[in-house]
Amino acid sequence: MKKSIFLCLFMLAVMMVLTAGPAVAAPPVKIGALFSVTGPASFLGEPERNTAQMVADDINRSGGINGRKVQLIVYDTQGDATKAVQAANRLIKDDKVSAIIGPSITGDTMAVIPVVEKAGIPLISCAAGIKITEPVKKWVFKTAQNDSLAVSRIYEYMQKNRINKVALLTVSDSFGSSGREQLVMQAKAFGIQIISNETYGPKDTDMTAQLTKIRGTGAQAIICWGTNPGPAVVARNTRQLGLKIPLFMSHGVSSRKFIELAGNAAEGISLPSGRVLVANLLPSSDRQKKNLLKYKRDYMKRFGTEGDHFGGHAWDAMMLLKTAIEKGGDSPAAIRSQLEGIRNFSGIGGIFSFSPQDHAGLTKDAFVLVQVKKKNWVLMK
Amino acid sequence: MEAFGEIFQYILSGFSTGAIYALIGFGFAVIYNSTGIINFAQGEFVMLGGLATIFFINMNFPLPVSVIFAIATATLTGVVFERLAIRPLKNATPLNLVLITIGASILIRGGAMLMWGKDTHVLPSFSGSDPIYIADATILPQHLWIFSITVLIIAASRMFFNRSITGKAMRACAYNREAAGLVGIDVKKMVLFSFIISSAIGSLAGIIIAPLTMSSYDVGVMLGLKGFCAAIIGGMSNGAGTVIGGLLLGILESLGAGFISASYKDAIAFIILLLILFFRPEGIFRKDETERV
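Going down the list, the protein sequences come from chains Y and Z. Take the first sequence: its letters are residues 1 to 381, numbered as in my numbering. Take the second sequence: its letters are residues 1 to 293, numbered as in my numbering.
If you are wondering where the hints come from, they were derived from the structure by calculation, not from laboratory data. A hint or two may mislead.
[Said to hold, decoys possible] Label pairs and their in silico Cβ distance ranges:
{"#": "1", "chain 1": "Y", "residue 1": "THR305", "chain 2": "Z", "residue 2": "ILE68", "range": "25 to 33 Å"}
{"#": "2", "chain 1": "Y", "residue 1": "ASP286", "chain 2": "Z", "residue 2": "TYR264", "range": "55 to 63 Å"}
{"#": "3", "chain 1": "Y", "residue 1": "LYS137", "chain 2": "Z", "residue 2": "GLY117", "range": "52 to 60 Å"}
{"#": "4", "chain 1": "Y", "residue 1": "LYS131", "chain 2": "Z", "residue 2": "PHE160", "range": "24 to 32 Å"}
{"#": "5", "chain 1": "Y", "residue 1": "MET300", "chain 2": "Z", "residue 2": "PHE126", "range": "30 to 38 Å"}
{"#": "6", "chain 1": "Z", "residue 1": "GLY111", "chain 2": "Y", "residue 2": "ASP358", "range": "29 to 37 Å"}
{"#": "7", "chain 1": "Z", "residue 1": "GLY184", "chain 2": "Y", "residue 2": "ASP173", "range": "52 to 60 Å"}
[Stated by the list, open to error] Below 20 Å or equal to it, Euclidean Cα-Cα: the simulated PhoX-like pairs (lysine-lysine) are:
{"#": "8", "chain 1": "Y", "residue 1": "LYS327", "chain 2": "Y", "residue 2": "LYS257"}
{"#": "9", "chain 1": "Z", "residue 1": "LYS118", "chain 2": "Y", "residue 2": "LYS203"}
{"#": "10", "chain 1": "Y", "residue 1": "LYS364", "chain 2": "Y", "residue 2": "LYS289"}
{"#": "11", "chain 1": "Z", "residue 1": "LYS188", "chain 2": "Y", "residue 2": "LYS257"}
{"#": "12", "chain 1": "Y", "residue 1": "LYS244", "chain 2": "Y", "residue 2": "LYS375"}
{"#": "13", "chain 1": "Y", "residue 1": "LYS83", "chain 2": "Y", "residue 2": "LYS93"}
[What the hints assert, rightly or not] Covered, in the sense of this in silico footprint (three residues per stretch, anywhere, with C-beta under 8 Å from a C-beta of chain Y), are these stretches of chain Z:
{"#": "14", "segment": "106-120"}
{"#": "15", "segment": "206-218"}
For every residue, glycine included, the Cβ atom is placed at its ideal position computed from N, Cα and C.
Using the sequences plus the hints, can you model the full thing?
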């Protein structure tokens, strides 16, 4: 008798372990993230970190991925390639993550690529540099739109409107020089002649000298490539000099902040931008519209500011990972091959279609041209 | 004619930036001339002036009140800095003091970053932003504010240093601390005065340029260095030397950007600085000093 009670208890215990086991002990899906939350590129890293955390929390609140919680481990690279590599090693060796999103900038990403390639961990970069995915690397994907697509968008418009003599004014950092490279390279294909090619320093506060020089060249338009606050100074100086030719900017300033900084001088400026900036203006037939509006609303509710397309890169990276893990589980190899098979994924940055030949997944339709009218963005036809 | 219009615009643009450099350089000269210290936190007062004005305007104070509050904030920072970091040091060498000012500048910058974030902020122009045409070239109404305030400040301080007892006492301290003390000048008080004057001037410079250049926690670094160049070219003088130094620097930068390449704009400033330090460390306008033994 005593023996059977013992047996019953034992059986009970075994059953409890068996039933309770999976629910309690299902290990979380570990996702690593490298963002430049502080440092000069914090305007990228901060919204990316916020967005990634927000998406992870949302996933967990609605039951996780295939019933497993997501654990997001974020390290700050401070925009420093050495720190990015150290953090990547830590994510892979100590935290044992299944995949990594980030880093925020091209320099950090290029430094991290050899690490993930060697360890065989999928990386979805949030940086824009074209060399990240060209040539294609087995384990590396990216969500930020290539500069080349933004350049094509502008040139396409110019070609249509018979603008063929342009002046370039680019910032002397990696963003500016990458844009400049693309601008120079693609000009010929669109029948555009670059008749002036000037630069300015990231911290310069007066660009009238460069613009005066451009005024003397007879250019039909100016393309300025930089991130805030430089382009705002360019806009103000253009107005000061009474220059009447159209001014184009890059997607680097596609945020409300630019209009705030440039003030009246922003009027009439055109630039390529991700759709998130003008989400509410999009026709309701637009496939991205619903996600864009939801993202903006959620971000506003949680962080009190408007979600921008930088944060959108992290949203896309997280949701792409979720899609891949839902389909094939969380082993790094399975994630990689699932990512490569994703087609027509409607994200914040655009509609992604990856393939073994294309790990960037976007076309120039990821950009729309917008213009500043009455201190607000409008869509250009 | 076309080329002339271009050159005129370069010079006019250079003149405007040069006036700013002059005003900032002037703050360096004031402290140097009464304490022998080169205050590398000078640029941070410029930054504080601009950001604090924006801060007070956002709290819905009118512009003149915000300007006064901002100058008061920066001046107070200058006083606290002198009291806590400069005065307690006994027998400090000039090198120690210079290092302390660098430390203070990092501290002030960090404080401003925590307070106002890393974003760039805008101050509206004092009187509109419609360009004014002079021949073919243009300037903004804000430039006129900069020119006139620079002239006013420099005239006022010349009067102060050459005519008033306190001003003369401050110069005496710079010339010979001990002797000044012996004739009954309160040296410590004069040092404090010099910090008050230079932080007030620095912040004023920051305020009048903020509508043009915008402001963020880190604008002080470059502006401070350029102001330092201006002061060195002018031989750390309290008057015309620094003004001419600033204007010269501004015009050379602008012409260099126009005719050579804008990439070398900052390089031009620092090459001039190095050349002056190598060949005429006393500045290009100052006569060689003769010391009476």
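Status of the hints after comparison with the structure:
Under the hint 25 to 33 Å, the C-beta atoms of Y/THR305 and Z/ILE68, about 31 Å apart, fit the expected range. Remark: the range hint 55 to 63 Å for Y/ASP286 to Z/TYR264 is contradicted by a beta-carbon distance near 46 Å. At about 36 Å, the CB distance of Y/LYS137 to Z/GLY117 disagrees with the hint of 52 to 60 Å. Range check, Y/LYS131 to Z/PHE160: about 59 Å between beta-carbon atoms, so the 24 to 32 Å window is missed.
Between Y/MET300 and Z/PHE126 the C-beta distance comes to about 34 Å, which sits within the given range of 30 to 38 Å. Hint check: Z/GLY111 to Y/ASP358, Cβ distance near 48 Å, so the stated range 29 to 37 Å is violated. Between Z/GLY184 and Y/ASP173 the beta carbon distance is about 56 Å. The supplied range of 52 to 60 Å therefore holds. Distance check on the hinted pair: Y/LYS327 and Y/LYS257 sit about 39 Å apart at the alpha-carbon level, beyond 20 Å; violated.
Of the supplied pair hints, the one linking Z/LYS118 and Y/LYS203 holds, its CA atoms being roughly 14 Å apart against a limit of 20 Å. Restraint check: the Cα-Cα separation between Y/LYS364 and Y/LYS289 comes to about 17 Å, which is no more than 20 Å; the hinted pair holds. This hinted pair does not check out: Z/LYS188 and Y/LYS257 have alpha carbons roughly 46 Å apart, beyond 20 Å. For the hint pairing Y/LYS244 with Y/LYS375, the CA-to-CA distance comes to about 19 Å; that is within 20 Å, so the pair holds.
The hinted pair formed by Y/LYS83 and Y/LYS93 meets the criterion: a straight-line CA distance of about 15 Å does not exceed 20 Å. Chain Y is given as covering the segment 106-120 of chain Z, and this holds because 3 residues of the stretch bring a CB closer than 8 Å to a CB of that chain, at least three being needed. Coverage of the segment 206-218 of chain Z by chain Y holds. Counting CB-CB distances below 8 Å, 6 residues qualify, and the rule asks for three or more.
The structure shown violates the earlier hints numbered 2, 3, 4, 6, 8 and 11.
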